[in-house]
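Protein chains in written order, with the working numbering: chain A, 1 to 153; chain B, 1 to 153; chain C, 1 to 121; chain D, 1 to 121.
In short, the hints are calculated from the structure, not lab data.
A portion of the hints provided could be inaccurate.
27 Å max Cα-Cα, derived BS3-like pairs, lysine-lysine [as the list claims (entries may be wrong)]: (1) K12(A) to K61(B); (2) K101(B) to K80(C); (3) K4(D) to K12(A); (4) K61(A) to K107(D); (5) K4(D) to K101(A); (6) K58(C) to K79(D); (7) K9(C) to K80(C).
Reference excerpt, derived from the structure (chain B facing chain C, CB under 8 Å, subset only) [what the hints assert, rightly or not]: (8) K21; (9) E50; (10) V96; (11) E105.
Think of the CB as a built atom: it goes at the ideal place given N, C-alpha and C, for glycine as much as any other residue.
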Amino acid sequence: MNEVVPNNIELKLPSRLGFEKIAMNTAASVARIMGFPEDRIEDLKTAIAEACINAIEHGNKLNEALLVGVNLNMTPDTLEVRVHDTGTGPSFPVEVPDIDKKMHEQQQPRGMGIFLIRSLVDEAEWVSTPGGSYARLLIRLHPEPIAAIEERD
Amino acid sequence: MNEVVPNNIELKLPSRLGFEKIAMNTAASVARIMGFPEDRIEDLKTAIAEACINAIEHGNKLNEALLVGVNLNMTPDTLEVRVHDTGTGPSFPVEVPDIDKKMHEQQQPRGMGIFLIRSLVDEAEWVSTPGGSYARLLIRLHPEPIAAIEERD
Amino acid sequence: MADKGTQVKMEEINAADAQPVTILRFAGDITSASQAAVLGTYQGLAETTRRILIDFSKVEYLNSSGIALVIQMMIAANKKGQVIQSFGLTPHFQKVFTMVGITRYSKLHADEATALGAFTA
Amino acid sequence: MADKGTQVKMEEINAADAQPVTILRFAGDITSASQAAVLGTYQGLAETTRRILIDFSKVEYLNSSGIALVIQMMIAANKKGQVIQSFGLTPHFQKVFTMVGITRYSKLHADEATALGAFTA
Ligand SMILES: Nc1ncnc2c1ncn2[C@@H]1O[C@H](COP(=O)(O)OP(=O)(O)O)[C@@H](O)[C@H]1O
Ligand SMILES: Nc1ncnc2c1ncn2[C@@H]1O[C@H](COP(=O)(O)OP(=O)(O)O)[C@@H](O)[C@H]1O
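Extracted from the complex, chain A is given alone in its bound form (with noise of 0.2 Å):
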């Protein structure tokens, strides 16, 4: 009908920790409508609340009049979702979790956000741009079925 934007949906919210479930729900909302299966709704709403919980937490510093732009962009085959901070982005590599480190007290308890985000989505990437950084994550409506990847080993 029209080129422009008109699946694109934009939420907007202050840096607090706990308005991630907004997020989080939002976008199962979405993707509800966009017929994704339940299993892999959870999989997105865990990966938005942790790319919203790090855009509060250490892109905006908690400073809660500094907001989290969390876009939703549809397609009829994917779902993206882009979390906006005004912060500078995670500096790569970042450590993977390792639970025999954590148990022995060789690693922090927490640092598990960025391996469960790109553990649940189909892809994510994080980019840094001039005015703030942003998380992008992408579910595919239709993953490539396993059986395709195993063909080609």
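The hints should help you fit chains B, C and D with the ligands onto chain A, whose structure is shown.
Coordinates of chains B, C and D with the ligands only, in the frame set by chain A:
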């Protein structure tokens, strides 16, 4: 901490029927964080859905390129919701739904949205502005108890 | 980008007095997009249908346009002398149906057995 | 503007072998705001506690900071030679706990009876 809009949440949606569910679930999430009881959240959900449907249908005339803006403003005691569209707003008075007239086909079966909004929230008003129109809905966390109202009789 | 939309299942059973009851079980959303599911299904019922039982228990979202379709079905049923009983609405939507006055034309029952019993009461 | 936060209830029961088990039933959210509810509750347990059963079945929202608190509790319990069993996580959070590796140190059980049985197995 800061007086500048830290309690304001903003959502923007393309004008597509069905997307009112996104606004509904976003608002429900905010109301839940604020501690509203579940029955009050249900009231709010229906009221916001109806306001969004009107904004999509009547305000933005189903043109998906036009956005519906949903503003959620939290105070310690109230949640105020503004649903914006680009139209001129309803012209009052609007006919009150009458089930007897409807059943006898003296009134169209539709036309219950504004009535439901008014019945379900603590305050409702419709405002026309130069750039569009909005419905303003408000629910209170601690509504005046019925006893207090009765005492005044 | 497909929503689940409205689903409807039709069943025929007999009430305690051995007279047939047509059950319409709705699931998903009832909105302006539910015209075919609500009115189309109703119009497809046999001419001999006298009793209709509506099961709302699987309905997740209902808005005023959806309620308008239910009213249109009630108007049509009223004209044909059919009786409609319903059950399974959440407390919130029982309240909404009562606000709108639907309860003056069709009773909302707590459960299927009570609703079914109301045909022979 | 108060969220429900984290709720925790403590119970003492005996396992099949008549040895005591302390049950911690969490409800609501487990997040960075749950320090007192998780670690504070744990630290308040009797020094004699040997078996801890965690009931996650009423937890609505769990994030990585909340999981970090669970790990901290596991570290402390490990040091004291206490055994932790848990149950009631949704399939999604069972998956998340497995991804993070928690399951290598504390088994996630399907239900309370199975979790309780695991202390004496
Ligand atoms: N949006 C962000 N802006 C700046 N730094 C970030 C952001 N997200 C993550 N980081 C950095 O990456 C690290 C790892 O993040 P994460 O894996 O989510 O664990 P945690 O937040 O518990 O430390 C953080 O400690 C932080 O230094
Ligand atoms: N946002 C709006 N912009 C313009 N007109 C509106 C708006 N909301 C409501 N209206 C007008 O008010 C009438 C009554 O609205 P409502 O009670 O919601 O019932 P319905 O939408 O089913 O007609 C509508 O038919 C429309 O003419």
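Evaluated hints:
1. K12(A) to K61(B): holds, 25 Å
2. K101(B) to K80(C): Cα-Cα ~18 Å, so holds.
3. K4(D) to K12(A): holds, 23 Å
4. K61(A) to K107(D): violated, 36 Å
5. K4(D) to K101(A): violated, 33 Å
6. K58(C) to K79(D): violated, 50 Å
7. K9(C) to K80(C): Given that 27 Å is the threshold and the Cα spacing comes to 22 Å, the pair holds.
8. K21: Hint on K21(B): holds, closest Cβ of chain C at ~6 Å, below 8 Å.
9. E50: Where the cut-off is 8 Å and the nearest Cβ of chain C is about 6 Å from E50(B), the hint holds.
10. V96: violated, 11 Å
11. E105: The hint holds - E105(B) has a Cβ within 8 Å of chain C, the shortest such distance being about 7 Å.
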